[in-house]
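The lines below spell out each chain.
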Amino acid sequence: MAQYLLKRLGLALLTLVLLSLIIFVAGSVLPGNPGRAILGPFASQHAVQALNQRLGLNRPIISQYWSWVTGLFRGDLGTSYQFRAPVSSFLVPALERSLKLAAVAFVIVVPVSIIAGVIAALKRGRAIDRTISVTGLSLSTVPEFVSGIVLIVVFAIGLKVLPVTANPPAGTSPPAQLRYLILPAIPLVFILFGYIARMTRAGTLEALDSDYVRTATLKGLSYPVVIRRHVLRNSLLPTITVVATQTGYLIGGLVVVETLFNYPGLGRLIFTAANNKDFPMLEAGVLVIGVVYLAATLIADILYTVLNPRIRLQRAE
Amino acid sequence: MSEEERRGTPVASAAAGSPLEPVSTVSAPADEGRLPSAGGTLDTSARAIRRENLRQLVRSKAFITGAILLLWWIVCAVLGTVFSPYNPVHGSLTAFNAAPSGAHWFGTDSLGRDVFSRVITGARDILIIAPLATLLGTVIGTCIGLVQGYFRGVTDNVIGRVVEAVLALPVVIVAFLFVVALGPSAPTLIIVIGVVFGLLIARTVRTAVLQERELDYIAVARLRDESNSHIMFVEILPNVLGPILVEFTVRLGYAIFTVATLSFLGFGIQPPTPDWGGDVASSYQYLAAGYWWETLFPALAIASLVVAINLIADSTEAVVIQ
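Protein chains in written order, with the numbering used here: chain A, 1 to 317; chain B, 1 to 322.
A couple of the hints might just be wrong.
Stretch by stretch, here's where chain A covers chain B in the computed footprint (C-beta under 8 Å, at least three residues) [said to hold, decoys possible]:
{"hint": "1", "segment": "97 to 106"}
{"hint": "2", "segment": "114 to 120"}
{"hint": "3", "segment": "170 to 180"}
{"hint": "4", "segment": "264 to 278"}
If you anchor each label on the Cβ, the simulated ranges turn out as follows [said to hold, decoys possible]:
{"hint": "5", "chain 1": "A", "residue 1": "V225", "chain 2": "B", "residue 2": "T155", "range": "50 to 58 Å"}
{"hint": "6", "chain 1": "A", "residue 1": "V225", "chain 2": "B", "residue 2": "V139", "range": "35 to 43 Å"}
{"hint": "7", "chain 1": "A", "residue 1": "S44", "chain 2": "B", "residue 2": "G290", "range": "42 to 50 Å"}
{"hint": "8", "chain 1": "A", "residue 1": "Q49", "chain 2": "B", "residue 2": "T188", "range": "40 to 48 Å"}
{"hint": "9", "chain 1": "A", "residue 1": "L6", "chain 2": "B", "residue 2": "L245", "range": "46 to 54 Å"}
{"hint": "10", "chain 1": "B", "residue 1": "P131", "chain 2": "A", "residue 2": "K160", "range": "39 to 47 Å"}
{"hint": "11", "chain 1": "A", "residue 1": "N276", "chain 2": "B", "residue 2": "N239", "range": "44 to 52 Å"}
{"hint": "12", "chain 1": "A", "residue 1": "I62", "chain 2": "B", "residue 2": "T155", "range": "20 to 28 Å"}
{"hint": "13", "chain 1": "B", "residue 1": "L245", "chain 2": "A", "residue 2": "T135", "range": "31 to 39 Å"}
{"hint": "14", "chain 1": "A", "residue 1": "G40", "chain 2": "B", "residue 2": "L93", "range": "39 to 47 Å"}
{"hint": "15", "chain 1": "B", "residue 1": "G290", "chain 2": "A", "residue 2": "I128", "range": "34 to 42 Å"}
{"hint": "16", "chain 1": "A", "residue 1": "K160", "chain 2": "B", "residue 2": "I49", "range": "55 to 63 Å"}
These aren't lab readings, by the way, just hints derived from the structure by calculation.
Where is the CB? At the ideal position from N, CA and C, for every residue including glycine.
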């Protein structure tokens with residue numbers, strides 16, 4: 001097991017190095033002339049050159065990449081072009097806020113979609129199964145800002161039951177703050193619902209069709225006991241990994257939701273950085289998303305290994 | 001169940017999965033009407049199968065609904081400028097932020113432009129960019145997947161690592177990053193989305209090729225001393241077209257998702273060209289003021305197009321992959 005996990009860790013690190021390279025190319029090589037991009041078409045050539053010089057952009061690309069990567073290891077994510085301050089001082093509080101929003105989305109989506117997936121599997125082929133699948137499919141393909149708009153129009157403007165903005169006025173108590181995050185969380189829930197429900201359904205069907213479930217039924221166990229002890233225990237295991245791997249996606253989907261609801265998290269930070277051609281901020285933000293995804297995948301792998309007795313007990317044999 | 005879910009351990013399939021994976025659901029139409037067309041003998045020629053597939057598609061309600069919706073938007077994309085009641089770019093100077101009425105069915109926006117006309121004509125750019133990007137992605141993905149699956153070994157591993165690294169980011173984020181760096185324009189959008197989708201499609205093609213290459217006809221082709229490229233493109237490719245077609249239809253839905261999202265973020269189709277994502281972006285700040293029609297109608301247009309394409313994709317998958 002240890003060997004397997006070490007291999008996963010090694011692969012994740014390799015992926016991370018490649019990812020940093022790709023992000024660096026996108027953020028530092030493709031823009032061509034960052035000085036020109038920042039100052040605009042009307043700035044003098046002299047000013048552009050001076051800025052490029054100050055930003056260290058005249059050095060060879062390899063040496064720029066090297067100082068960027070070694071900086072990352074020292075916790076130095078670079079200096080923001082727009083704020084002339086360390087990127088990390090903006091990134092950390094933004095990430096915290098994003099995680100808070102993501103947590104709200106997860107708390108809603110995980111139970112709802114798992115229950116829906118199990119119901120769909122138990123009622124295989126019936127109308128409810130079809131309804132859950134089609135609903136999940138449709139919801140997961142509609143962009144977050146589209147469902148977000150519809151939600152705002154219905155719940156915030158029409159029914160006036162939830163606030164339009166994600167930002168509570170200063171001095172709001174934490175439970176009351178939660179109310180402001182419900183509406184922004186729902187578009188994320190929509191995107192994830194179909195996928196988690198589908199995977200849960202697939203896992204449950206596999207368990208239902210297995211020999212051990214048939215044996216359990218034939219030896220006279222009651223239906224609820226078979227479902228609880230034999231079906232769910234086996235079918236929910238893969239679902240854990242599915243849920244964990246969605247974390248990275250969720251952080252990415254935040255760019256749209258946070259822009260729409262004007263919520264100052266990581267997504268909005270990336271959006272603002274892009275609009276201001278603040279490439280160090282943009283690169284760091286995107287890298288953080290990649291790291292969160294890789295970490296989530298790794299944790300999912302570890303969880304799966306630890307929770308699955310077939311893998312956990314292998315070394316005892 | 002899609003290829004992704006079927007292959008490998010749950011860990012592998014879960015790790016490979018993201019919301020942007022091919023979507024499959026339980027589609028009933030696949031089970032209906034499986035009887036061979038003519039009584040008695042079973043005609044299994046390629047043409048007969050294709051005809052039977054088509055007949056099944058046409059019988060599925062989901063496919064028909066999707067096709068009608070898509071057709072409507074294609075008509076709008078082609079002829080929108082002809083039958084839109086107002087000029088979508090130049091607004092009226094007197095009637096801005098006007099609520100829906102007999103004169104302006106969907107109201108007017110903050111610049112006095114007719115929202116209905118903008119929704120109609122807004123179908124054009126997205127319906128040019130998204131299919132071209134998907135087509136490019138399918139071509140790239142097919143080539144990479146064929147090479148990976150056919151040669152395996154080091155080639156497969158190296159390409160696989162790079163694909164994995166890119167896909168550690170949500171597709172929208174990768175596309176966003178590159179479009180921001182290169183500057184938004186239609187060709188940039190097509191190339192960036194095409195390349196990223198190509199990497200995704202390559203995974204599916206690779207899996208299909210891996211199964212195919214073990215079959216006897218490939219061994220025979222090798223013995224006949226056929227060239228690698230001949231085996232890949234003439235022998236294997238026709239036999240993996242089914243999954244590739246499904247990938248194309250599924251990805252088309254996500255291409256529209258991605259283009260619309262990039263436009264909403266200000267890095268897609270640029271104003272003043274009528275565009276749904278861009279129109280939502282430029283008008284959603286007026287939502288709180290109660291001007292909901294400026295935002296809601298373009299948003300619903302995106303939703304209807306995406307759902308239409310996914311209905312088509314889903315029924316195609318149910319028929320092609322059996």
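A quick look at each hint next to the structure:
1. 97 to 106: Three-residue rule not met by the segment 97 to 106 of chain B, so violated; n is 0.
2. 114 to 120: violated (count 0)
3. 170 to 180: Result for this restraint: holds, n = 7.
4. 264 to 278: holds (count 5)
5. A:V225 - B:T155: 50 to 58 Å: holds (51 Å)
6. A:V225 - B:V139: 35 to 43 Å: violated (53 Å)
7. A:S44 - B:G290: 42 to 50 Å: holds (47 Å)
8. A:Q49 - B:T188: 40 to 48 Å: violated (26 Å)
9. A:L6 - B:L245: 46 to 54 Å: Between L6 (chain A) and L245 (chain B), where Cβ atoms are some 41 Å apart, the hint is violated.
10. B:P131 - A:K160: 39 to 47 Å: holds (41 Å)
11. A:N276 - B:N239: 44 to 52 Å: holds (50 Å)
12. A:I62 - B:T155: 20 to 28 Å: Since I62 (chain A) and T155 (chain B) have Cβ atoms about 26 Å apart, the given range 20 to 28 Å holds.
13. B:L245 - A:T135: 31 to 39 Å: With a Cβ separation near 26 Å, L245 (chain B) and T135 (chain A) fall outside 31 to 39 Å, so the hint is violated.
14. A:G40 - B:L93: 39 to 47 Å: The hint (39 to 47 Å, Cβ to Cβ) is violated, given that G40 (chain A) and L93 (chain B) are roughly 31 Å apart.
15. B:G290 - A:I128: 34 to 42 Å: holds (38 Å)
16. A:K160 - B:I49: 55 to 63 Å: Since K160 (chain A) and I49 (chain B) have Cβ atoms about 56 Å apart, the given range 55 to 63 Å holds.
The structure shown violates the earlier hints numbered 1, 2, 6, 8, 9, 13, 14.
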